[in-house]
Amino acid sequence: MIQVVGVSAVLQAALPNAARPAVVTVGILYFAVIVAISVWAARRTRTAADFFVAGKGIGLVALTVASVSVSVSGFAFIGGPGFIYAVGLGAMYIVLPAAVTNVMGAWVLAKRMRLIGEARALITIPDAIGARYRSRAAQGLSAAAILVGIVGYMATNALAMGVVINSIFGVGLGWGIWIGMGVTLAYSASGGILAGIYNDVFQGTLMAVASVLVFLFVLNFGGGLGEISRTILAHDAAILGPWGKLTPLAALSFFFVFSMGSLGQPQAVHKYYMLRDPLQLKWYPLLKTLGLALVLLLYFGVGVGVKAFVLSGRLPALGSPDQATPTLLLNITPLILAALVFSGVAAATMSAANSFINIGAAIVTHDLPIALGRPVRNELRWGRAMTIVIAVAAAITAQRSGTMVAFLGIFGWGLFASTLVPALAVGLNWQGATRAGAIASIATGLIVTLGLETAAYSKVFTFPAGVTASAVAMVSSFLVFFIVSWLTRRHAHAELDPDVKLVMEL
Amino acid sequence: MTDSNTSEISAATDTTRRAALVALFISIAAIGVGYAAAFTRSGTPTWAPWLLALAIPVALGAIMILGAARGRSGIGPLKIPFGFVVLVLIIGFGAPLLLPATEGPLSKLWLGLPARAAIVIYGVGLLPIIVLPVAYALTFETQTLSAEDVERVRALAAEGGRENQASNGSAAQTPIDKLRA
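So the protein sequences, as listed, match chains A and B.
Each residue of the first sequence is one higher than the one before, counting from 1 in this note's numbering.
Each residue of the second sequence is one higher than the one before, counting from 507 in this note's numbering.
If we strip away everything but chain A, and leave its shape as in the complex, we get:
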């Protein structure tokens, strides 16, 4: 949802034209580096395993930075600060879970997925579900759920890319979409996840540098966090209340969905397969948490900083909350810093798009054919072809479907969380979980999320303050998983293969 909220925010923001020589130059340099990395990666991609999981050969630091990069998207730079500007510290409950989610993922999923991946040579998340429950139906259903989420993510990321590229180069939204998607497609189709990972490393580093510099600049400009707080407290104290302007239930609900839900995000979980040596997992949570903390400094700093600067009259009033970052960058910060951040936002959307293109292609060419009993022969060739199809379809959807794109993007995070967390995260750690429980849970997550989001979007139904469709769907799917597994518990141990059982006992 971080990505989706961010993408939606980018859409609403209609970023101002930032096409200044410095911004354009940094933007061109950014794209030149992307092209160079992609050419290098394409030369190293020879097999489907290289294409989908980088041949399980990525080192610790590269994997960590790449994982940080795909975890944040444009939201950390545009939507998030705007959300803090609007509702105060309540918006922090979206990012506060980062303090526990990385290490939680490491304990709950990383070891087991990496080892099962090694024992079975798995390459996708549905692969792991299929192996755990010895079920093509569970694999196929989870693949279908991920594919539905990816449709939304891809279309919204394509549109977000268009908005950002238009802002940097002033080429128009349509060209922005096709340029952004074209570059992403070029490196996705040629170098697969290998190109994606190393571009993520570059993009993640760019995001972290931009975030830290902007955070320090804001603190310096505002006279320190204490002075910034004093200004806000004098004008609008509720902003710095522990829940901001949200209700406690809403803020806590954010924390629940973004903490527990992180265990079902395929773009992050998929990375566990790629680590060269499973023993390197030792430092992965620490490095990723620190990296994420650096990237999220801008989220907090710009949010409270711009609020204080506007309240004290040092910045003009904003047209909309999502203008917080662009207004700061174009009015106060040095232009080179603004250029870095704009390229960082482009990096974030491209990084997310690449990751989802790759996962989507793997689902269409690998998981769904396996679930249907018709495996594809040349997965590398078909993987490349599907990459092109998905990217072009996303760009066309982004251009043509108007507000429908925003709707498609709303439920991605919640859909992944409600369909995958119980079956994958609990299932890999509980031998009593059953195939029937997993299938019922995935189906519940899919139906409840789509049903409630559609009802809410079409205004057939309104949730009470603080309750979201994602949270209700995740709770429902958990409860169904436990209850159905308990009812069918006599089948549980017969559904476990020896290697999977060993990995679950370690």
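Warning: the hint list may mix true and false statements.
To be verified - 27 Å max Cα-Cα, derived DSS-like pairs, lysine-lysine:
hint : chain 1 : residue 1 : chain 2 : residue 2
1    : A       : Lys-245   : B       : Lys-614
2    : A       : Lys-245   : A       : Lys-501
3    : A       : Lys-282   : A       : Lys-501
4    : B       : Lys-585   : A       : Lys-501
5    : B       : Lys-585   : A       : Lys-282
Stated by the list, open to error - Pairwise CB distance ranges, derived in the manner of DEER restraints:
hint : chain 1 : residue 1 : chain 2 : residue 2 : range
6    : B       : Ala-525   : A       : Gly-59    : 34 to 42 Å
7    : A       : Gly-313   : B       : Leu-617   : 25 to 33 Å
8    : A       : Ala-317   : B       : Leu-605   : 31 to 39 Å
9    : B       : Leu-603   : A       : Arg-314   : 47 to 55 Å
10   : A       : Ala-317   : B       : Leu-603   : 29 to 37 Å
11   : B       : Phe-590   : A       : Trp-175   : 48 to 56 Å
Stated by the list, open to error - Here are some chain A residues the structure puts well away from chain B; computed CB gaps all over 12 Å:
hint : residue
12   : Ala-22
13   : Ala-99
14   : Ser-135
15   : Leu-216
16   : Thr-247
17   : Leu-315
18   : Ala-393
19   : Ala-443
20   : Gly-451
In case anyone wonders, no lab produced these hints; they're calculated from the structure.
Since the model is a prediction, treat every value here as computed from it, not as a measurement.
Glycine included, each C-beta is placed from N, C-alpha and C at the ideal position.
On the provided structure of chain A, position chain B as indicated by the hints.
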């Protein structure tokens, strides 16, 4: 390893995992009750946020324990960091609910933020970062994964491959082999 040792280990692990599963189920159900309470005509009752403030940390702690439990030791020394973090989250969510809202121009600031906000941002957002990843790294070989564990999995996978080869009369092919072909 003798059978009695195996069952002892299994019993210890089962106890830890069973407790974690029960805690996870109850806390998720409690979160559901908290949400359901928001649908009442009179609006969200005051106890609903409290239910979430208690149940969310317990759910997160339970699923981490479920993932970390292994062998005879269950979660071993990890009970300290897990307990600490669950407590920090409960205090971090509970204190702002309990303390009066006194934020204003004259509020005393703690590291630049008023007290209730500082508890949330520094308590919930920073303390777990200091404790959990370090605990993970320090206990990695004993609690999470050792070179022997990796070898056991590789040996079992290879054994499975040999059995396939014997039964099929042809070279065993893993999915990756097939992909590479």
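Results of checking the hints against the structure:
no., hint, result
1, A:Lys-245 / B:Lys-614, "20 Å, holds"
2, A:Lys-245 / A:Lys-501, "48 Å, violated"
3, A:Lys-282 / A:Lys-501, "22 Å, holds"
4, B:Lys-585 / A:Lys-501, "24 Å, holds"
5, B:Lys-585 / A:Lys-282, "18 Å, holds"
6, B:Ala-525 / A:Gly-59: 34 to 42 Å, "38 Å, holds"
7, A:Gly-313 / B:Leu-617: 25 to 33 Å, "26 Å, holds"
8, A:Ala-317 / B:Leu-605: 31 to 39 Å, "32 Å, holds"
9, B:Leu-603 / A:Arg-314: 47 to 55 Å, "34 Å, violated"
10, A:Ala-317 / B:Leu-603: 29 to 37 Å, "33 Å, holds"
11, B:Phe-590 / A:Trp-175: 48 to 56 Å, "53 Å, holds"
12, Ala-22, "32 Å, holds"
13, Ala-99, "4 Å, violated"
14, Ser-135, "16 Å, holds"
15, Leu-216, "14 Å, holds"
16, Thr-247, "7 Å, violated"
17, Leu-315, "20 Å, holds"
18, Ala-393, "25 Å, holds"
19, Ala-443, "18 Å, holds"
20, Gly-451, "16 Å, holds"
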